[in-house]
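A.B. asks: The opening residue of the sequence shown carries number -17 in the numbering used here; numbering runs sequentially from there.
It should be emphasised that the hints constitute simulated quantities derived from the structure, not laboratory data. There may be inaccurate statements among the hints.
[As the list claims (entries may be wrong)] Computed list of lysine to aspartate or glutamate pairs in EDC-like fashion (alpha-carbon distance at most 16 Å, straight line):
hint : residue 1 : residue 2
1    : Lys383    : Asp319
2    : Lys104    : Glu172
3    : Lys308    : Asp374
4    : Lys31     : Asp41
5    : Lys136    : Glu172
6    : Lys387    : Asp319
7    : Lys(-12)  : Glu102
8    : Lys406    : Glu228
9    : Lys341    : Asp374
10   : Lys302    : Asp412
11   : Lys61     : Asp(-10)
12   : Lys180    : Asp(-10)
13   : Lys(-12)  : Asp62
14   : Lys302    : Asp374
15   : Lys(-12)  : Asp56
16   : Lys292    : Glu336
17   : Lys264    : Glu276
18   : Lys264    : Glu79
19   : Lys308    : Glu295
20   : Lys90     : Glu120
[Claimed, not checked] Derived Cβ-Cβ restraints for the label pairs, each shown as a range:
hint : residue 1 : residue 2 : range
21   : Arg103    : Ser58     : 18 to 26 Å
22   : Ile351    : Trp227    : 30 to 38 Å
23   : Pro168    : Gly131    : 20 to 28 Å
24   : Pro160    : Met222    : 39 to 47 Å
25   : Lys76     : Phe238    : 39 to 47 Å
26   : Glu336    : Ile37     : 31 to 39 Å
27   : Asn405    : Phe238    : 23 to 31 Å
28   : Asn394    : Thr48     : 51 to 59 Å
29   : Gly179    : Gln389    : 50 to 58 Å
Since we're looking at a predicted model, the values are computed, not measured. We put the CB at the ideal spot given by N, CA and C, even for glycine.
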Amino acid sequence: MKPVLKFDLAIIGLGYVGLPLALQFGRSDCRVLGLDVDKAKVKDITSGKSYIRHIPSKDIATQVKTGRLTASADFSLVKDCDAVVICVPTPLNKNREPDISYILKTGKAIAPYLRSKDGERKKLIALESTTYPGTTDEDLREVLEKGSGLKAGKNFHLAFSPEREDPGNPQSKVAEIPKVVGGLTPACLERANELYGKAIKKLVPVSSTRAAEATKLMENIFRSVNIALVNELKIIYGSMGIDIWEVIEAAKTKPFGFMPFYPGPGLGGHCIPIDPFYLTWKAREYGHATRFIELAGEINTAMPDHVAAKVGEALNSVGKPIRGSKVLVLGLAYKADVDDDRESPSYVLIEKLEALGAKVEYHDPYIPIIRKTREHDSLEGKKSVFPDASFDLFLIVTAHKDFKKYQFLDWNIPVVDTRNCINKNRRPRDYFAA
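Turn these sequences into a full structure, and let the hints guide you.
C.D. replies: And the structure:
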């Protein structure tokens, strides 16, 4: 008789990707161990409390109460799991190069516990963190094999399955988003399909872990390049007196050959500002320059400068300089109606405007206080304030639904709108699209 392990799987990294995935496996009647180095998250989950706004606490409490979700910071518990899914951050370092240290540290932490006991089947290790092709079958594989004394594909299974989380989108349900899966060997792929098939309705098997890694990069490069296109058109059409938002609305009535993308103040989130440069870095190893990707990156990265210039123009229109003016940034989250501030362009804009001498505050109903970030230490602890007539300018960076209800006409203060957030009949006299 085969021994029964305590958990069907462990999910490492209980953030915007790992927590929803853990809940979906729990709903699918799997016994899930959630692992995270952040003990505050472990404590919250154990208490049935959510730390992500769009995930209700009751969803967590239900899975914890039924015993289908257990949270811990003890990575040695991997020995009691049939499979391990890694969902850790993959940022860029200060030189804009891939930082896969979280993946490698996780691999080193779990490697000593991968050996299966007599009668147990081989463990599966699946990586979901976005990265360059070769991370799974080279970098992660190396640390797992070195730390365990085992061989991937022989003594344990290894796979890559990219996350496709869309935070805050009520139409985006983990179980219904097709899941790309690639294995180191055919047996690894079969094992990964078996695991994900318990919780995900449609699986998309590909030939290798590298093909799966490349798929995720292609998805996000596609978005980055198209956003750069509309950002450039925004500036060109704006100089002609043409509203880019009106043009997009008209263009998307074409029932074929067109997909709408929208301009903004800069890229934000865990994917689009980062992932394309993972391929750029890896392509150099093969003697290729990713000119298209890098051009898109230059255009998107320049958007905060364009917005800051528009702020200066708006203040000048009412006889005020940037230096000494009070500016309120509306929206710290990188997208509407979520509390996710990862890589938000708001941080860059706040710092740019402060460098120009402006006195900058922010308002975001979803983020009452700025948490510790990797790149903006000076802003940690800053608190959200409400709009009032004491400000010289409002800068809308995130299109939260709440902002659409604000009475900007009553304040009679210049507004710079980077998201087409305010309806035309609610715009103040001094309104500037950016």
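A.B. asks: Compare the structure with each hint and give your call.
C.D. replies: Going through the hints against the structure:
A distance of roughly 7 Å separates the Cα atoms of Lys383 and Asp319; the hinted pair therefore holds under the 16 Å criterion. Proposed proximity of Lys104 and Glu172 is supported: the alpha carbons are some 12 Å apart, at most 16 Å. Only pairs whose Cα atoms come within 16 Å are accepted, and Lys308 paired with Asp374 is accepted, the gap being roughly 5 Å. The straight-line distance between the Cα atoms of Lys31 and Asp41 is roughly 9 Å, inside the 16 Å bound, and the hint therefore holds.
With a C-alpha separation of about 14 Å, the suggested pair Lys136 and Glu172 falls inside the 16 Å cut-off, and the hint holds. The suggested pairing of Lys387 with Asp319 holds, with an alpha-carbon distance near 14 Å, which does not exceed 16 Å. A hinted pair counts as satisfied when its Cα atoms are at most 16 Å apart, and Lys(-12) with Glu102 qualifies at roughly 12 Å. Taken as a hint, the Lys406 and Glu228 pair is honoured in the structure, with Cα atoms around 12 Å apart against an allowance of 16 Å.
At roughly 10 Å between alpha-carbon atoms, Lys341 and Asp374 fall within 16 Å of each other, so this suggested pair holds. Among the hinted pairs, Lys302 with Asp412 is consistent with the structure: their alpha-carbon atoms are about 13 Å apart, no more than 16 Å. For the suggested pair Lys61 and Asp(-10), the alpha carbons sit about 11 Å apart, so the restraint of at most 16 Å is met. Of the pairs offered as hints, the one joining Lys180 and Asp(-10) holds, with about 11 Å between alpha carbons and a cut-off of 16 Å not exceeded.
The suggested pairing of Lys(-12) with Asp62 holds, with an alpha-carbon distance near 5 Å, which does not exceed 16 Å. Note on Lys302 and Asp374: the hinted pairing holds, with a Cα-Cα distance of about 8 Å set against a maximum of 16 Å. Of the supplied pair hints, the one linking Lys(-12) and Asp56 holds, its CA atoms being roughly 14 Å apart against a limit of 16 Å. Only pairs whose Cα atoms come within 16 Å are accepted, and Lys292 paired with Glu336 is accepted, the gap being roughly 15 Å.
Distance restraint check for Lys264 and Glu276: the Cα-Cα separation of roughly 13 Å lies within the 16 Å cut-off, and the hinted pair is therefore satisfied. Among the hinted pairs, Lys264 with Glu79 is consistent with the structure: their alpha-carbon atoms are about 10 Å apart, no more than 16 Å. About 15 Å separates the Cα atoms of Lys308 and Glu295, which keeps this hinted pair within 16 Å; it holds. With a C-alpha separation of about 14 Å, the suggested pairing of Lys90 with Glu120 holds against the 16 Å cut-off.
Our hint of 18 to 26 Å for Arg103 and Ser58 holds, since their Cβ atoms are close to 20 Å apart. The hinted window of 30 to 38 Å between Ile351 and Trp227 holds, with their beta carbons roughly 32 Å apart. The hinted window of 20 to 28 Å between Pro168 and Gly131 holds, with their beta carbons roughly 24 Å apart. Take Pro160 and Met222: their Cβ atoms lie about 41 Å apart, and the range 39 to 47 Å holds.
A C-beta distance of roughly 44 Å is found between Lys76 and Phe238, which places it inside the suggested range of 39 to 47 Å. Against the hinted window of 31 to 39 Å, the Cβ-Cβ separation of Glu336 and Ile37 comes to about 33 Å, which satisfies the hint. Between Asn405 and Phe238 the CB atoms are about 30 Å apart, so this pair conforms to the stated range of 23 to 31 Å. For the pair Asn394 and Thr48, the supplied restraint of 51 to 59 Å holds, since their beta-carbon distance comes to about 55 Å.
In this structure the supplied range 50 to 58 Å holds for Gly179 paired with Gln389, their Cβ-Cβ distance being about 51 Å.
Violation of the numbered hints given earlier is absent; every hint is satisfied by the structure.
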